[in-house]
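Protein chains: 2
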Amino acid sequence: MKLGRINHIGVAVPDLDAAIAYYREVMGATSITEPFVLESQQVRVCFVDTPGLSGTSGTQIELLEPTSPQSPVAKWLETHPFGGQHHLCYEVPDIHEAKNWFESLGKRVLGDPRIGAHGTPIFFLHPKDMAGQLTEIMETPKAVH
Amino acid sequence: MKLGRINHIGVAVPDLDAAIAYYREVMGATSITEPFVLESQQVRVCFVDTPGLSGTSGTQIELLEPTSPQSPVAKWLETHPFGGQHHLCYEVPDIHEAKNWFESLGKRVLGDPRIGAHGTPIFFLHPKDMAGQLTEIMETPKAVH
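Chains as they are written, first to last, in the working numbering: chain A, 11 to 155; chain B, 11 to 155.
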């Protein structure tokens, strides 16, 4: 596998609206997508756009607020009540090839590929197999490139 | 303040050489800088380059291994023994303007600006003031842009 672009950094927050205000008023964000509910993960989600080099779009911040106490993000917030960096998401050209790659190395894939917040297939890998990082692998959206 | 580029994601690791091998062999990284010691933070450091859009350089992963038990990263690893995402670093055009901005909002700046791993001035902000994220602010290297 060839290292892909870091699509986003997932940040868990206890209050999405407060986090959006923080990114606008403290960090100076000017482009934040409209929040929506991602039922498969039991989270309300939006993306903060950051600039890349030479006028390109940079790595986004994905803000995640749990919508139920059973959400994996709710469980994570129990031990990180202020919120914080929850996962890192890398792009790959083909989700099934990537799944085969990580499985061939004995890495634990958490569930089957499913549609993620950007509308393309994703899966997560166990942080203990991934240098301590909960790692999301996401098929690159076709329309963006 | 206007939101700047995410220069890097700081990832604390218990073993830098093992982490470099992980990024090469599992994640497929092909460009990793030579490790060096950053005395001011008591860490050994290197950067994993990731691709951005349209052939640009993307957000880097900064790997941090403590060089002494007194290193802030050593203390962090006590509660995260496998390592993981430690901080997020945003670029700003002027470090002193940025310091004044965050202080005017009552955000706790951790120490005076000092020279960071990219050779430009940096400071850190307290995670409890920054939506749970230990946040590094870094003056953009002049030569890169």
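Among these hints, one or two may not hold up.
Pairs count within a copy or across copies, as identical chains cannot be separated in the list.
Below, simulated SDA-like cross-link-like pairs (lysine to any residue); rule was C-alpha separation at most 20 Å, straight line [said to hold, decoys possible]:
hint: 1; residue 1: Lys138; residue 2: Trp86
hint: 2; residue 1: Lys138; residue 2: Gly94
hint: 3; residue 1: Lys138; residue 2: His90
hint: 4; residue 1: Lys85; residue 2: Pro103
hint: 5; residue 1: Lys12; residue 2: Gly65
hint: 6; residue 1: Lys152; residue 2: Thr66
hint: 7; residue 1: Lys12; residue 2: Gly38
hint: 8; residue 1: Lys12; residue 2: Phe46
hint: 9; residue 1: Lys12; residue 2: Ala28
hint: 10; residue 1: Lys109; residue 2: Gly62
hint: 11; residue 1: Lys138; residue 2: Thr89
hint: 12; residue 1: Lys109; residue 2: Asp139
hint: 13; residue 1: Lys12; residue 2: Thr40
hint: 14; residue 1: Lys109; residue 2: Ala39
hint: 15; residue 1: Lys85; residue 2: Ser50
hint: 16; residue 1: Lys117; residue 2: Thr43
hint: 17; residue 1: Lys109; residue 2: Gln80
hint: 18; residue 1: Lys138; residue 2: Ala28
hint: 19; residue 1: Lys117; residue 2: Ala39
hint: 20; residue 1: Lys12; residue 2: Pro79
hint: 21; residue 1: Lys109; residue 2: Thr43
hint: 22; residue 1: Lys109; residue 2: Asp122
FYI, nobody ran anything at the bench for these hints, they're computed from the structure.
Evaluated hints:
1. Lys138 / Trp86: Intra 15 Å, inter 17 Å, cutoff 20 Å: intra and inter.
2. Lys138 / Gly94: This pair counts as both: shortest intra-copy Cα distance 18 Å, inter-copy 10 Å.
3. Lys138 / His90: both (18 Å within a copy, 11 Å between copies)
4. Lys85 / Pro103: Result: close neither inside a copy nor across copies, 31 Å intra and 38 Å inter.
5. Lys12 / Gly65: between (24 Å within a copy, 15 Å between copies)
6. Lys152 / Thr66: Both: 16 Å inside a chain and 18 Å across chains, each within 20 Å.
7. Lys12 / Gly38: between (33 Å within a copy, 4 Å between copies)
8. Lys12 / Phe46: neither (32 Å within a copy, 25 Å between copies)
9. Lys12 / Ala28: Classified as between: cross-chain Cα gap 18 Å, same-chain 37 Å, threshold 20 Å.
10. Lys109 / Gly62: neither (28 Å within a copy, 22 Å between copies)
11. Lys138 / Thr89: both (17 Å within a copy, 14 Å between copies)
12. Lys109 / Asp139: within (14 Å within a copy, 38 Å between copies)
13. Lys12 / Thr40: The answer is between: 8 Å across copies meets 20 Å, while 32 Å in one copy does not.
14. Lys109 / Ala39: between (34 Å within a copy, 17 Å between copies)
15. Lys85 / Ser50: within (15 Å within a copy, 36 Å between copies)
16. Lys117 / Thr43: neither (33 Å within a copy, 26 Å between copies)
17. Lys109 / Gln80: Classified as neither: same-chain Cα gap 26 Å, cross-chain 40 Å, threshold 20 Å.
18. Lys138 / Ala28: between (31 Å within a copy, 14 Å between copies)
19. Lys117 / Ala39: Between copies only: 17 Å across, 36 Å inside.
20. Lys12 / Pro79: neither (37 Å within a copy, 35 Å between copies)
21. Lys109 / Thr43: Neither: 29 Å inside a copy, 28 Å across copies.
22. Lys109 / Asp122: Answer is within; shortest intra-copy Cα gap is 9 Å, inter-copy 45 Å.
The structure does not agree with the numbered hints 4, 8, 10, 16, 17, 20 and 21 stated previously, though it agrees with the rest.
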